[in-house]
Amino acid sequence: MKTDDLVAMLATGDVAVRRRGAGGRIALAVLAALPLSFVILFVEYGLRQDLVQAMFWPMFWVKVLFPLCIAAAAFVMVQRLARPGVAVRRSWVGAALPVLAIWVLAGVVWFSVPIEERMPSLMGQSWRICALSISFMALPVFAATMIALRGLAPTRPALAGAAAGALAGGVGAAVYALHCMELTAPFLAVWYVSGIAVPVLIGAVLGPRLLRW
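Following my numbering, the numbering of the sequence shown begins with 1 at its first residue and continues without gaps.
Please keep in mind that the hints were generated in silico from the structure rather than gathered at the bench. All values reported here derive from a predicted model rather than from experimental measurement. In this text, a Cβ means the ideal position worked out from N, Cα and C, and glycines have one as well. Fair warning: there could be bad hints in the mix.
Now the in silico label distances, taken between C-beta atoms and shown as ranges [stated by the list, open to error]: (1) Ile115 to Thr155: 47 to 55 Å; (2) Arg128 to Val104: 34 to 42 Å; (3) Pro84 to Ser126: 37 to 45 Å; (4) Arg156 to Pro35: 39 to 47 Å; (5) Val52 to Pro84: 26 to 34 Å.
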């Protein structure tokens with residue numbers, strides 16, 4: 001087909017798309033991949049044995065909800081970045097605020113506990129595996145979101161890939177929280193945030209390679 005013919009076809013054809021088509025496609029991708037993250041949780045890690053009891057502890061919900069807030073804000077970013085000419089606006093603030101909040105909380109805890117308790121509160125018992133485990137949990141959602149983005153039209157692929165990583169990392173951290181025994185704010189501020197940052201960086205690197213069109 002000649003270029004002039006293609007332009008004429010696009011100009012006269014029915015090219016209307018659903019207003020929320022991008023968001024729906026990305027949401028479907030996340031929902032399809034989420035069960036795989038839970039499979040990884042159940043097969044490789046398992047739920048913490050005192051999960052029901054832990055649900056009555058405020059820090060448990062901090063551990064679950066702060067990455068979910070990051071994921072929600074990143075979802076808004078991804079669906080905006082999936083469409084040409086759509087501004088991200090201040091949705092990035094929604095992803096940054098939970099991180100800032102957990103850092104502030106960690107700082108308060110760090111300076112309020114005795115010196116001998118500071119490093120244990122930071123390192124916990126699982127610092128070696130935490131960030132890697134979160135990234136592992138995030139992998140299905142990351143892959144599904146990137147596939148969904150390939151079927152859309154992101155014009156800022158590095159940023160779109162990073163947003164997909166933040167979405168996946170937030171979901172992965174929330175899933176991993178159902179296994180993780182750590183409850184101190186300094187631990188969450190360093191190792192959970194690091195685990196979320198890994199897919200963000202991977203998405204920023206892979207975005208220009210996988211999402212260009």
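Each hint tested on the structure:
Checked against the given bound of 47 to 55 Å, the beta carbons of Ile115 and Thr155, roughly 51 Å apart, stay inside it. A C-beta distance of roughly 26 Å is found between Arg128 and Val104, which places it outside the suggested range of 34 to 42 Å. Checking the proposed 37 to 45 Å range against Pro84 and Ser126 shows it holds: the Cβ atoms sit about 43 Å from each other. Our hint of 39 to 47 Å for Arg156 and Pro35 is violated, since their Cβ atoms are close to 30 Å apart.
Between Val52 and Pro84 the beta carbon distance is about 47 Å. The supplied range of 26 to 34 Å is therefore violated.
In this structure, the hints that do not hold are numbers 2, 4, 5, in rising order.
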